[in-house]
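A.B. asks: Residue-level listing of the chains:
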Amino acid sequence: MFNIDQYAYSNRLTQVHPGEKIAFALATLLIALVAPQPALPAIIVALMAGAAIGAAGIPARFYLQLFLIPFSFLIAGVAMIALTITNQPLAGLKGLTLLGWTLGVTPASLHLAGKIFFKSLGAVSCLYFLSLTTPMVDIMTVLKKLRVPALLVDLISLTYRFIFVLMATVNDIYTAQAARLGYASLRTSYHSLGQLVANLFIKTHRRSQELFTALTARGYEEELQVLDVPKPFSWPFLFLAAGLDLVLLSLMFIFRRWTLWPPF
Amino acid sequence: MAALLEAEAVSFTYPDGTRALQKVTLSIPEGKKIAVLGPNGAGKSTLFLHFNGILRPREGRIYFAGARISYSHNALQQLRQQVGIVFQDPDSMLFAASVRQEISFGPLNLGLSKEEALARVEAAMAATGINDLRDKPTHFLSYGQKKRVAIASVLAMEPRVIIFDEPTAYLDPRSTREVMALLETISRKGTTIILSTHDVDIAYSWADYIYVLAAGQVIGAGTPAEIFSDAPLLEAADLARPWLLDVYEDLKNKGWLPLEAPVPKSRDELLALIPYRCRSQLAI
Numbered sequence: 001m002f003n004i005d006q007y008a009y010s011n012r013l014t015q016v017h018p019g020e021k022i023a024f025a026l027a028t029l030l031i032a033l034v035a036p037q038p039a040l041p042a043i044i045v046a047l048m049a050g051a052a053i054g055a056a057g058i059p060a061r062f063y064l065q066l067f068l069i070p071f072s073f074l075i076a077g078v079a080m081i082a083l084t085i086t087n088q089p090l091a092g093l094k095g096l097t098l099l100g101w102t103l104g105v106t107p108a109s110l111h112l113a114g115k116i117f118f119k120s121l122g123a124v125s126c127l128y129f130l131s132l133t134t135p136m137v138d139i140m141t142v143l144k145k146l147r148v149p150a151l152l153v154d155l156i157s158l159t160y161r162f163i164f165v166l167m168a169t170v171n172d173i174y175t176a177q178a179a180r181l182g183y184a185s186l187r188t189s190y191h192s193l194g195q196l197v198a199n200l201f202i203k204t205h206r207r208s209q210e211l212f213t214a215l216t217a218r219g220y221e222e223e224l225q226v227l228d229v230p231k232p233f234s235w236p237f238l239f240l241a242a243g244l245d246l247v248l249l250s251l252m253f254i255f256r257r258w259t260l261w262p263p264f
Numbered sequence: 001m002a003a004l005l006e007a008e009a010v011s012f013t014y015p016d017g018t019r020a021l022q023k024v025t026l027s028i029p030e031g032k033k034i035a036v037l038g039p040n041g042a043g044k045s046t047l048f049l050h051f052n053g054i055l056r057p058r059e060g061r062i063y064f065a066g067a068r069i070s071y072s073h074n075a076l077q078q079l080r081q082q083v084g085i086v087f088q089d090p091d092s093m094l095f096a097a098s099v100r101q102e103i104s105f106g107p108l109n110l111g112l113s114k115e116e117a118l119a120r121v122e123a124a125m126a127a128t129g130i131n132d133l134r135d136k137p138t139h140f141l142s143y144g145q146k147k148r149v150a151i152a153s154v155l156a157m158e159p160r161v162i163i164f165d166e167p168t169a170y171l172d173p174r175s176t177r178e179v180m181a182l183l184e185t186i187s188r189k190g191t192t193i194i195l196s197t198h199d200v201d202i203a204y205s206w207a208d209y210i211y212v213l214a215a216g217q218v219i220g221a222g223t224p225a226e227i228f229s230d231a232p233l234l235e236a237a238d239l240a241r242p243w244l245l246d247v248y249e250d251l252k253n254k255g256w257l258p259l260e261a262p263v264p265k266s267r268d269e270l271l272a273l274i275p276y277r278c279r280s281q282l283a284i
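Chains A and B supply the protein sequences, listed in that same order. Residue 1 is where the first sequence starts when you use the working numbering, and the numbers rise one by one after that. Residue 1 is where the second sequence starts when you use the working numbering, and the numbers rise one by one after that.
The set of hints was computed from the structure by calculation and includes no laboratory data. The beta carbon of each residue, even a glycine, is placed where N, CA and C say it ideally should be. Careful: at least some of the hints might be erroneous.
Listed next, the in silico EDC-like pairs over lysine to aspartate or glutamate satisfying Cα-Cα at most 16 Å (straight line) [unchecked claim]:
1) 23/B - 8/B
2) 136/B - 154/A
3) 231/A - 16/B
4) 265/B - 172/B
5) 136/B - 228/A
6) 144/A - 245/A
7) 144/A - 154/A
8) 33/B - 59/B
9) 265/B - 249/B
10) 254/B - 208/B
11) 203/A - 89/B
12) 33/B - 201/B
13) 33/B - 165/B
14) 23/B - 6/B
15) 114/B - 5/A
Per label pair, the in silico range of CB-to-CB distance [said to hold, decoys possible]:
16) 190/A - 15/B: 34 to 40 Å
17) 199/A - 250/B: 45 to 51 Å
18) 210/A - 181/B: 38 to 44 Å
19) 75/B - 6/A: 43 to 49 Å
20) 123/B - 23/A: 33 to 39 Å
21) 6/A - 122/B: 41 to 47 Å
22) 26/A - 123/B: 25 to 31 Å
23) 142/B - 69/A: 28 to 34 Å
24) 210/A - 250/B: 51 to 57 Å
25) 206/A - 251/B: 46 to 52 Å
Given these sequences and hints, build the entire structure.
C.D. replies: Below, the structure is given as structure tokens:
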């Protein structure tokens, strides 16, 4: 997650207006979700990989590693959907039969599993594109422009900042414990971990009070007002993004009947 | 010189019963460099929070620019514009995702327009030498950089007095020098500076006037020369003597310095006092 954040600030698309990137990611996400053909999300996965690796310059290795996380969840989930256990004869059921019960797959269940698999991957790739290319600051600027309530944006902003403070605190406590053999055995590990968690709450509470004092000292009233970071619109990106989404949309309508995948 | 900030018999007790301040009376003259010395837990930070109206004295009064502080909402907002605090831990000040946004927080709270706020932010970044950090997220910064951003965020509000709570704590020698140089620049522009520190060498060379706090009370006040020649006071406050004075006195006692040699303010002044002994030999 820390790597994602670092790439968000240092990739080649950082200077592109965040609104354009959000619009592109969300429009494509929508297509991935509504398209009846499983092929479209598959194309979107490839397209977003191209955008992230080719256009934004995210290392391919890191990008693929990132996909391992949802991939493992997906495989487990999709396998459960694809597999059927039944004692009824189902159309096209293939599999192992034991004492009248069959563990197997049907074309319908395979189709459903494939559809979910590609839709999920397509959706994840859209969100990965956004989080890898757009710093949180920019996303919050857009949220404010969209008139999302200030309280909500402030909360997002503080949560974001405090994830890092919290991680640093965890790191400090863990190091201090490990340096005194707090994690030498399983028993001490449990004990140390418990103390770490308890301490973390106390420290976090104190930090939040310190922050409040410091903010009050600078005239904080009820809204965390900060200057937005102005970024120019880039027409090439906008045109390219709109063009790609139009192509995807037309594919969706042209191959309306091509809804079976895999085709058996 | 008129007093900008005054505390008159201020007492404060925290809800847990800690008596942090007891009848503290002191005054901060405008445009001066004031150091507040004292061991941990002496009440320095508590006193500073009173100057900014964040804490309210149980007894006693705080005056700003001759008028007693009012704790109404509007008066407090105005006071906080005039009295800035740079807290010891920059992480407790920084909340925004980028450096520029962080610094813009104070100016925008003052009700400035975006253009004016941006101008203030630019000026503060230039003054603290962090122009190249403007779009960096605050969590990527080093400790020294965070400290500078914290200072810039207060500077951008253009207060009349800035309180620095142990500005050199945890800093490496180079960052310490840079922060002290920055304080000197800020002071030269007419801003009053209050600084708390344990570093007697810094306090001795830097301050115009020193207050010594211990156990919530003011136990000493005076110019650096007065404070550091008062051995019982230093003892009571757990303070060491600046090395500069130790060396100066030893040189004088052993006859290397004339008795009428002035007390040096800095290392360079001391070195200039020490006479050459065998100039001919050195000139080979």
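A.B. asks: Would you mind marking each hint as holding or not holding in the structure?
C.D. replies: Results of checking the hints against the structure:
Distance restraint check for residue 23/B and residue 8/B: the Cα-Cα separation of roughly 7 Å lies within the 16 Å cut-off, and the hinted pair is therefore satisfied. Between residue 136/B and residue 154/A the CA atoms are separated by roughly 19 Å; this puts the pair beyond 16 Å, and the hint is violated. For the proposed pair residue 231/A and residue 16/B, the alpha carbon gap of about 50 Å is over 16 Å, so the pair is violated. Pair hint residue 265/B plus residue 172/B does not hold up; C-alpha atoms about 23 Å apart against a cutoff of 16 Å.
Of the supplied pair hints, the one linking residue 136/B and residue 228/A holds, its CA atoms being roughly 14 Å apart against a limit of 16 Å. At most 16 Å may separate the alpha-carbon atoms for a hinted pair to count; residue 144/A and residue 245/A exceed this at roughly 26 Å. Our distance criterion of 16 Å between C-alpha atoms is met by residue 144/A and residue 154/A, whose separation comes to about 10 Å. Distance restraint check for residue 33/B and residue 59/B: the Cα-Cα separation of roughly 27 Å exceeds the 16 Å cut-off, and the hinted pair is therefore not satisfied.
Between residue 265/B and residue 249/B, the direct Cα distance comes to roughly 13 Å. Compliance with the 16 Å bound is thereby established for this hinted pair. Distance hint between residue 254/B and residue 208/B is unfulfilled; the C-alpha atoms sit about 30 Å from each other, more than 16 Å. Distance hint between residue 203/A and residue 89/B is fulfilled; the C-alpha atoms sit about 14 Å from each other, no more than 16 Å. A threshold of 16 Å between alpha carbons decides the hint, and for residue 33/B with residue 201/B the separation of about 15 Å falls inside it, so the pair holds.
At most 16 Å may separate the alpha-carbon atoms for a hinted pair to count; residue 33/B and residue 165/B meet this at roughly 14 Å. Note on residue 23/B and residue 6/B: the hinted pairing holds, with a Cα-Cα distance of about 13 Å set against a maximum of 16 Å. A distance of roughly 28 Å separates the Cα atoms of residue 114/B and residue 5/A; the hinted pair therefore is violated under the 16 Å criterion. A hinted range of 34 to 40 Å for the beta carbons of residue 190/A and residue 15/B is consistent with their spacing of about 35 Å.
The hinted window of 45 to 51 Å between residue 199/A and residue 250/B holds, with their beta carbons roughly 48 Å apart. As the Cβ distance of residue 210/A to residue 181/B is approximately 27 Å, the hint placing it in 38 to 44 Å is violated. Checked against the hint of 43 to 49 Å, the pair residue 75/B and residue 6/A passes, with Cβ atoms roughly 44 Å apart. One distance hint, 33 to 39 Å for the beta-carbon pair residue 123/B and residue 23/A, holds here, with the actual separation near 36 Å.
Distance hint check: the CB atoms of residue 6/A and residue 122/B are about 26 Å apart, inconsistent with the given range 41 to 47 Å. Checked against the hint of 25 to 31 Å, the pair residue 26/A and residue 123/B fails, with Cβ atoms roughly 39 Å apart. Against the hinted window of 28 to 34 Å, the Cβ-Cβ separation of residue 142/B and residue 69/A comes to about 30 Å, which satisfies the hint. Checked against the hint of 51 to 57 Å, the pair residue 210/A and residue 250/B fails, with Cβ atoms roughly 43 Å apart.
A C-beta distance of roughly 48 Å is found between residue 206/A and residue 251/B, which places it inside the suggested range of 46 to 52 Å.
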